[in-house]
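Trainee: For reference, the chains in residue letters:
There are 2 protein chains.
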Amino acid sequence: MLHRIIFLAFLITTTIACKQKQTTVDSSSSSSKLLLSASGINSFKNSDNAIVIHATEDLESQVKEILKESVIIPQPVDAGGGYSHEKHKRNYSDLYRVAISYNVNPTVQKLAFVKEMFTGYAAMYPTLGMHPKAKENHPGGKLYWQGLNEAVTLFYMIQAYDMTREFMTDEERTKIETDLLRPMATFLSVDSYDVFNKIHNHGTWSVAAVGMTGMVLGDDDMIDRSIYGSNKDGETGFIAQLDHLFSSDGFYSEGPYYHRYAILPFIAFAEAIENNRPDVKIFEHRDGILRKAVTTLLQLTDEQGRFYPINDAIKSKTWESDEVVFATNIAYKQYKDASLLPVIKMMNKISLTDAGVIAANAITDNTEDFYERPSMFIADGVEGNSGGLSLMRSPQKTAGQLQAVLKFSTQGMGHGHFDRLSLSVYDHGNEIIPDYGAARFLNIETKRGGRYLPENKTYAQHTIAHSAVVLDEKSQYKGNVKYSEEHVSQLVKNDMSNDRLQVTVATDTMAYKGTKLSRSITMINDSDISNRPFIIDLYHVDSSTGHQMDLNYPFFGDIIDTQFDYTRPANKTVLGKDNGYNHLEVLAKGSPLANHTNSQFTFLQAQRFYSITSVTNFDTELYITQTGANDPEFNLNLQRQYLIRQPSSIKNHTFVNIIEPHGFFNPIQETVTFPKSVFSDLSHEKQGDYDIVSFKVGEETYLYTLSQKRDQQTNHTITYNGKSISWDGPHQLIKL
Amino acid sequence: MLHRIIFLAFLITTTIACKQKQTTVDSSSSSSKLLLSASGINSFKNSDNAIVIHATEDLESQVKEILKESVIIPQPVDAGGGYSHEKHKRNYSDLYRVAISYNVNPTVQKLAFVKEMFTGYAAMYPTLGMHPKAKENHPGGKLYWQGLNEAVTLFYMIQAYDMTREFMTDEERTKIETDLLRPMATFLSVDSYDVFNKIHNHGTWSVAAVGMTGMVLGDDDMIDRSIYGSNKDGETGFIAQLDHLFSSDGFYSEGPYYHRYAILPFIAFAEAIENNRPDVKIFEHRDGILRKAVTTLLQLTDEQGRFYPINDAIKSKTWESDEVVFATNIAYKQYKDASLLPVIKMMNKISLTDAGVIAANAITDNTEDFYERPSMFIADGVEGNSGGLSLMRSPQKTAGQLQAVLKFSTQGMGHGHFDRLSLSVYDHGNEIIPDYGAARFLNIETKRGGRYLPENKTYAQHTIAHSAVVLDEKSQYKGNVKYSEEHVSQLVKNDMSNDRLQVTVATDTMAYKGTKLSRSITMINDSDISNRPFIIDLYHVDSSTGHQMDLNYPFFGDIIDTQFDYTRPANKTVLGKDNGYNHLEVLAKGSPLANHTNSQFTFLQAQRFYSITSVTNFDTELYITQTGANDPEFNLNLQRQYLIRQPSSIKNHTFVNIIEPHGFFNPIQETVTFPKSVFSDLSHEKQGDYDIVSFKVGEETYLYTLSQKRDQQTNHTITYNGKSISWDGPHQLIKL
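In order, the protein sequence lines correspond to chains A and B. With the UniProt record's numbering applied, the first sequence covers 1 to 736. With the UniProt record's numbering applied, the second sequence covers 1 to 736.
For the record, the hints were derived by calculation from the structure and aren't laboratory data. Since the structure is predicted, the reported quantities are computational estimates derived from the model, not experimental observations. Among the clues, some could well be false.
Pairs involving identical chains hold if they fit within one copy or between any two copies, as the list cannot separate such chains.
[To be verified] Calculated lysine to aspartate or glutamate pairs in the EDC-like style (CA-CA distance at most 16 Å, straight line):
hint, residue 1, residue 2
1, Lys516, Asp681
2, Lys315, Glu670
3, Lys723, Asp287
4, Lys686, Asp542
5, Lys572, Asp631
6, Lys315, Asp558
7, Lys345, Asp565
8, Lys493, Asp78
9, Lys87, Asp526
10, Lys478, Glu235
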């Protein structure tokens, strides 16, 4: 039987409970310079902390498996996914584990393994030219088809060497340093000058690997080039990357999925700098940007700790990822931010670093099993003025939070989606109005080698794959990454100071030429109105020319009720020709009920009811669509959408919607509570920059008024139905 | 704000942890005759068992809510779902709770509530004629449109009265008995003679209600009629129902969803009989059929305790249903069957009966949190010879069991499906090859009042909605319930004695005229072959005339790989015209790869990989279909199917398939293990009644041989590739 196991993540963390504590003799490295010191090792040896004990026991059992096989260092021939590629990745991971394990619990066999691995690589490396599968337009490596893997390899190898060099002979050390470590560092920083000096996470891996190598080998030039760039002028290198890759709020524009990957070399190299160049004060740099980078990443999660799948993202990735374990440990060690401890406790695993032990020991019986996710605005842009993400969360501390994410951050480079002002909604940890994420089955070979699928570009990145407005069936910024990168959306106003009423107003004037898009998301918590919080979604389009306008709401769940007329087409009908429309089959086409100014759509997901109540007019068309058209390989996930269209060519329109969670089907008790929306008679009018929304709940009429003005004026007055209505601050919700 | 709360289940159970134990004064009923005695009440009062304390505290908090509202007894005018209907149901539930609560923790207010409720109903009942919404062909009631609800009402009312009568004045008792309880019993047993004497669960509710009324009022005639039927000859009544509604193995032919509902009046009335007529020895009757009825019901669950959704069933219904809590408590009290305790422990709630306390007290620290589900055959039919269900389970004690259900039980009356010899597969508690269940959104008013949807008859009950073989696109037994009820399938052989190899062979000769259908399901656990257990599915069709033959595999999940060619139709294509085929859209039509004798289909569900490897020939057509065609109201749930068709008119064919769970995608580690099927070169030949299946795993070839003979011969010999192969018992699997 031949089975293939593909490993991608290599940090050592542990979740497995073991039976007994190892007895060890002391022979730990006393001169290690990177992330795990002699005192850290002693802590691992002598700890009575359950998480620490688990970590060492888990390491020991992993190493036991590793040592069952002999060391094989294959000739580099295969591209990603192939044998030699995966084996080299496996090797550095094994080397790293065994090196740490040798310090905690030394055996002759472990040291022999480490030496054999290092001398084997030292013997091979000088013989290698560029990898045979290297590509012309992609930075190549020697051990791998791409240089990125080479940097990651040195990142781990140098840590392994740091832990074991003092147990080697002078001759072994000379060989390893001369034939392997220095050549790798030279390859990464000199031969691959461009990547090393790039403001990009690939550059971060390079500078981290080379810089840490300099620290272990005592090479100040290497260290300086890594921190300040090859020219040592600070224009490139680690600090420049720290300055430019994170926004002022610690947001990483590619989104949390890549943020999670990039955080590791940032945090690890910073820790090494702190240990070796404390004068740099790296953790204080840019007002503690590394702390923000970690806490912002943690906040970009739903109630289950899964990262919001914005931009190209694999769903179901959680903060239990090894990179995040590593990052939270070091961030805690450096900043003593107690808000990190519940996360570390819930992860129930640590990295094998000094920081890991410190974090584990900081957890007490009083540490909560709950991570607080308050509402917050996360600014994008180095100066914090390039749009951002509004995270609006209902103010409860128990499970069952309603979360809305309004995204108007920068494009996010090649992994970005054309989804400015897009909304996603989560409730009780479930995706209610989902972001599709990426079209990719990661690491599943039969799905085009696990790479991004063609449908990622033809569907997932397009505007229509999101809850966003699309004009004339064209994606924002003409679907052009470069063009989109040049422009930013703006925050108009944001007020989350009041639990009852929270609002964010954002705008974009460049996504469609001559058109101002503006979306305001208001989350309302008022138990007099409804038993659950709800969202008012106002989307204004103001254009100099006429357009067809679509507002799309992707949803998961069963359609339970529609307060509009619809028919299901007898023949296969695709929503459009391109820009992702070509992937949507029309399941139903509807129109508002005669003489009704509202339409309503109710669905059931995870036994909970959700309704979207919309202001519609005689012209409105309503569609229910489903992914799967023009999908010859079944690459798209099943996803349905509720789409509200104003088909006539119009210049100005406001989409007015209430998104409302409201009920529960209990399959055990077979009871249904609150299966119907509470809202009726939704209406909207504009008075200049004021939005006036009214709706009824039962017999009561409510009036929501919002100022879209940018100015600082806090007192507002309008006239409504002949009555004067005044309020302070951005908005007001009153019973009439 | 007007919200509607619909209650359907009313037994009192509890899961809510509370803070402190109530202090009570003793004034409990010492003369109660039904399910909760004076000593039981004392146990509830004085228990230090956490589950018991929770139960009483939960009751107290429920009653507190009940007592906040005044008693309202509306004129019966509405049909099911309407106000008066739901209010009367709510009333008996409230009455039952408050009556028990008064005994445990008496207050003036509780007794006043009970008296007001009883005297209110006693004042109204004599004034009532038949309910205005009663239907001509359906047994009607006075308080409700149907008589069934009336029986359920008396079932609870008489228990409430049993607990509180001694706290009433003679005058009150006389009025309640004369104007309410006796008239209800008379209405149910005399006016509704037919239902009372029906061998049907509606009859069971009637006899239970009337019989318990007789016990409380001291009316032996009522008791006798309930136990032995109106004529007291045993031809009808409770014992006749016990004899005919359960198979010899305690299987209820409508399936577990209705079994769960019916078990309550059976077990409750039996307990009352045991308390009042111990000479009947009801729990010993028919070799302890009530014990089998309870344990069989519990075994008909997946790893999460959800009932297999065979026949008309609402999915997600679990054994935590109040009826099952009630039934397991009484079954434990009567039979002291320790296998019930883990279930009761995992439920973490009890019924408010003597049995509830006894069950709670029987749970110890040694009671496991694991309910063992071994493989078993459950015979249908009073004599146990009318087919049945084969439950095949992999032999592991930890989580992650593979379960196969081969169904060839009797039709199951109006709620039955035409799915003889159908298969469903569960793995790790997930539905892998699902049974569709019922087309119904229970209690969701907007879905046709929560009733069965038209698509239940046009799709869900049809053969094609199952993993079954369909000839000529017609359902089994011509889709005629009466015709199907007249015929049974047969068990040919069953051997679950060997963990490595388990097999069931079943046959049906009447589903299609002149055609013998035979399916054998073999579950194989052999870690030398594969890391997970797998299933060999052999389906023989032998007919006197030619047919198109379809074997259908419904599945949930993403399509990951297909080892066959397919195209996706450009235009909307529906699989067929009727018999459920009209609801299936063709997503892809395929054919085997040229010169290949196998086709393979791999899907990913809940991050696990599953493959179906099939013997196919040049003629085979392969379809991927999806529900949703001709579904004007979006009533059907999304469900995909993989269908293997032999399109030419043939008389004999064997469908040969291996169903294999094999791998895992870990989204946190981003690792993939075992993404590919291990099987290749699957082939099959028949030698008389012997099936010979060979397949390769890696370089090894395996031979599986099975005797389909009905005789008792245990030694078999065949010649394969010129070699003589012998085995003992039904089957053998060897490495060649």
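Trainee: Could you run down the list of hints and mark each one as holding or not?
Mentor: Do the hints match the structure? See the list:
no. : hint            : in the structure
1   : Lys516 x Asp681 : neither (28 Å within a copy, 62 Å between copies)
2   : Lys315 x Glu670 : between (32 Å within a copy, 11 Å between copies)
3   : Lys723 x Asp287 : neither (49 Å within a copy, 80 Å between copies)
4   : Lys686 x Asp542 : within (12 Å within a copy, 73 Å between copies)
5   : Lys572 x Asp631 : both (14 Å within a copy, 14 Å between copies)
6   : Lys315 x Asp558 : between (21 Å within a copy, 14 Å between copies)
7   : Lys345 x Asp565 : neither (51 Å within a copy, 50 Å between copies)
8   : Lys493 x Asp78  : neither (52 Å within a copy, 52 Å between copies)
9   : Lys87 x Asp526  : neither (57 Å within a copy, 29 Å between copies)
10  : Lys478 x Glu235 : neither (33 Å within a copy, 80 Å between copies)
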